[in-house]
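Colleague: Sequence order for the protein chains is R and U. For the first sequence, my numbering gives the first residue as 1, with consecutive numbering after it. For the second sequence, my numbering gives the first residue as 1, with consecutive numbering after it.
Note that these hints are calculated values from the structure, not bench results. Certain hints may be false.
No copy is singled out in the list; a pair is fine if it fits within one copy or between any two copies.
Claimed, not checked - Lysine-lysine pairs mimicking DSSO-like chemistry, simulated, CA-CA at most 30 Å apart:
1) Lys339 x Lys60
2) Lys272 x Lys26
3) Lys26 x Lys385
4) Lys89 x Lys38
5) Lys37 x Lys272
There are 2 protein chains.
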Amino acid sequence: MQKFKHIFIMINDFVYNIPVKVYFGKDQMKNLVPELKKYGNRVLMTYGGGSIKKIGLYDKVVKAIKDAGMELFELSGIEPNPRIDSVRKGAQMCKEHNIDVLLAVGGGSTIDATKFMAAGACVDHDPWDFLDLSKRSPIVKALPIVTILTLSATGSEMDQGGVISNPETKDKIGRLSPEMLPKASFLDPTNTFTVSPYQTACGAADMLSHIFEVYFNNNLDLYMLDCFMEGMMKTIIKYAPIAMREPDNYEARANLMWTSSWAINGFIDGGKRQPWSCHPIEHEVSAIYDITHGLGLAIITPRWMEYCLDDTTVDKFVQFGVNVFGIDAKLPKMEIAHKAIDALKDFLFNTLKLKRTFPEVGIDETNFAIMAKKSVNGGTLNGFKPLQQKDVEKIFEMCMK
Amino acid sequence: MQKFKHIFIMINDFVYNIPVKVYFGKDQMKNLVPELKKYGNRVLMTYGGGSIKKIGLYDKVVKAIKDAGMELFELSGIEPNPRIDSVRKGAQMCKEHNIDVLLAVGGGSTIDATKFMAAGACVDHDPWDFLDLSKRSPIVKALPIVTILTLSATGSEMDQGGVISNPETKDKIGRLSPEMLPKASFLDPTNTFTVSPYQTACGAADMLSHIFEVYFNNNLDLYMLDCFMEGMMKTIIKYAPIAMREPDNYEARANLMWTSSWAINGFIDGGKRQPWSCHPIEHEVSAIYDITHGLGLAIITPRWMEYCLDDTTVDKFVQFGVNVFGIDAKLPKMEIAHKAIDALKDFLFNTLKLKRTFPEVGIDETNFAIMAKKSVNGGTLNGFKPLQQKDVEKIFEMCMK
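Next comes chain R alone, as it looks inside the complex:
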């Protein structure tokens, strides 16, 4: 073989494998029954509150399934920040009724819970054992899942993961498994027309955070993926305010919807291996206070950025500021970095009108120590900037004003 210098920069190897089929657009319901029928005749439909009934989606889905002569079972009432009890109930129903396929109709909470029902249906033990950090029972099988998305935020419709809360233990824990990847997802932007401005804003903050967790990373990776991430950030910044003002703007809802899936389906990760930061921190907050995940992230993220910013990390903030917010690249680096964080704050708190501090959402210092300790799992969270309990406590203090 010809001799080369072999300049190997540290881009890790990776496997790309996202076989989820996505039906995107406003006239795709005709494909629902054929997709479900691939897996059998007995469907468990899962959903949250009544919103899918208000928008007429419930009636459409039920009619399509019943007209096709399929057997339909229902589990409603899945909570935002879904709870292990709902998962237990769903897994039990799958076993009792010999379910062939689960159909999750809703946002990330419904889809997350449905993933663990599908896995729980295939084992004899309590589904919490999949999540419990002392057990982490293997997920080797799950019933097939099809989703109809009604909220652009978590990306659960195209990824392997889910997060479940356990109010008894005050835990909120996530887990990934390829077995839980939906077989097909239906993304109709019109199904998000009734999402409130507040929930639209929280969804935007959540998506942005998914991208930040990968973008602000010390693993050197493909420039191409950074470009994609910046494109998605610009898409969210452009369209979230439009969707808040004009809830039925198809272009805005469609851009947000497809971005929500790609922000977290694994594509942008490439070969990166570094743990996330703001998500584990926020999960401990919403495990106790039950605030909307996206809102918690919006409050924590800019403070985390300020805490991480130093001479070793400033370059990434410069790239972010110049490429996403169009800040003048000729300014001093540290100035660009601060301007970038300020621009993000302005977007989150002024444009999206999200609450800015912990006190505004009813959080005080009481649980700082325990939340901080849990978020670093009693040790160090080795993300973009390594964080220990005392660091997270300082970030929490920064969220007070």
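Given chain R's structure and the hints, the job is docking chain U onto it.
Modeller: Showing chain U alone in chain R's frame:
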């Protein structure tokens, strides 16, 4: 249902379905045999000239397959601009030797030809019937295909299509089928270290053209996808010159490799339906003159852009110039557009050092009429700007100097 204004801008519905598994990186060969074994024990390995032997890839692959006790058959000599005779030979071998899985080791030509061998193995008729415009025999089945990519350009490793030449009829025709999608592709950037500066440049021009064909489009679509396309263009413009200067620059080769797949795997298409322009035109040129596809595209594309540029199309050129080449957005629109096309020419002909005109590659006026007529299929090519025979002839004339 709550009443909305229902602003439906015309974003067409689409189905996203790219189940190709990609092993990306320099240490993935260990996964080759397990992937092949999913489909059986009898492998037909296809490749072109001797380049895979020179880089040691041939030996590695053969050893891995033989060590695993699998039966290996070989078909070499697949041409650049692959010919139907190679396809016929491969399909015949599949039938004779009861092949379970095809392993294409090479660039787009080898993979394209292998796709039609895999389909041809499942029918009794001549594989040319799949392509012949008067027949277009259905592709309902194909043997499974695995690829090992050695040239970043056509994207065949992650898409449904292939283009085959028939020297007897002077035809060069493409066809898509989900059946021909590879099951898995191995993308190791080090396998492209020996690609010459010239072939690297041709590959870059080909990738850019794949993106232009979708980007310059009258179908309104997702802004998010435009951002992705601009990111890929910037990636190619940044890294192709580096890969030409430093053939073993892993970062450059890796960025080009992953971009080549995403430029044409269908993701950026979203709901767009408009036919391509430069590819059908170039295919008629290289069907007669057998020049490298990417080189033909490099010569034709900027002239096609100049021919398309007018008051109705200028906005897209402005977006291209500002977002990709950083041209000052405050200049008059038409000036930005011309500057953008000039910047592209500078990149193709000065930076990539590709030949600039038809005469430089031995093409004269002789076949302009016949090539132009074939490229519009005797009527109108309804792309970004509708083109008839006389329009394509004018574009050809612009390629003369």
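Colleague: For every hint, state whether the structure bears it out.
Modeller: Cross-check of the supplied hints:
Taking identical chains as interchangeable, the C-alpha atoms of Lys339 and Lys60 are never at most 30 Å apart, the minima being 48 Å within one chain and 52 Å between chains. In this assembly of identical chains, Lys272 and Lys26 lie within 30 Å of each other by CA distance solely across copies; the values are 15 Å between and 35 Å within a copy. For the homomeric pair Lys26 and Lys385, the shortest alpha-carbon distance between copies (28 Å) is at most 30 Å, but the shortest distance inside one copy (43 Å) is not. With identical chains, the CA atoms of Lys89 and Lys38 are at most 30 Å apart within one copy only, with a shortest distance of 25 Å there and 37 Å across copies.
With identical chains, the CA atoms of Lys37 and Lys272 are at most 30 Å apart between copies only, with a shortest distance of 29 Å across copies and 37 Å within one.
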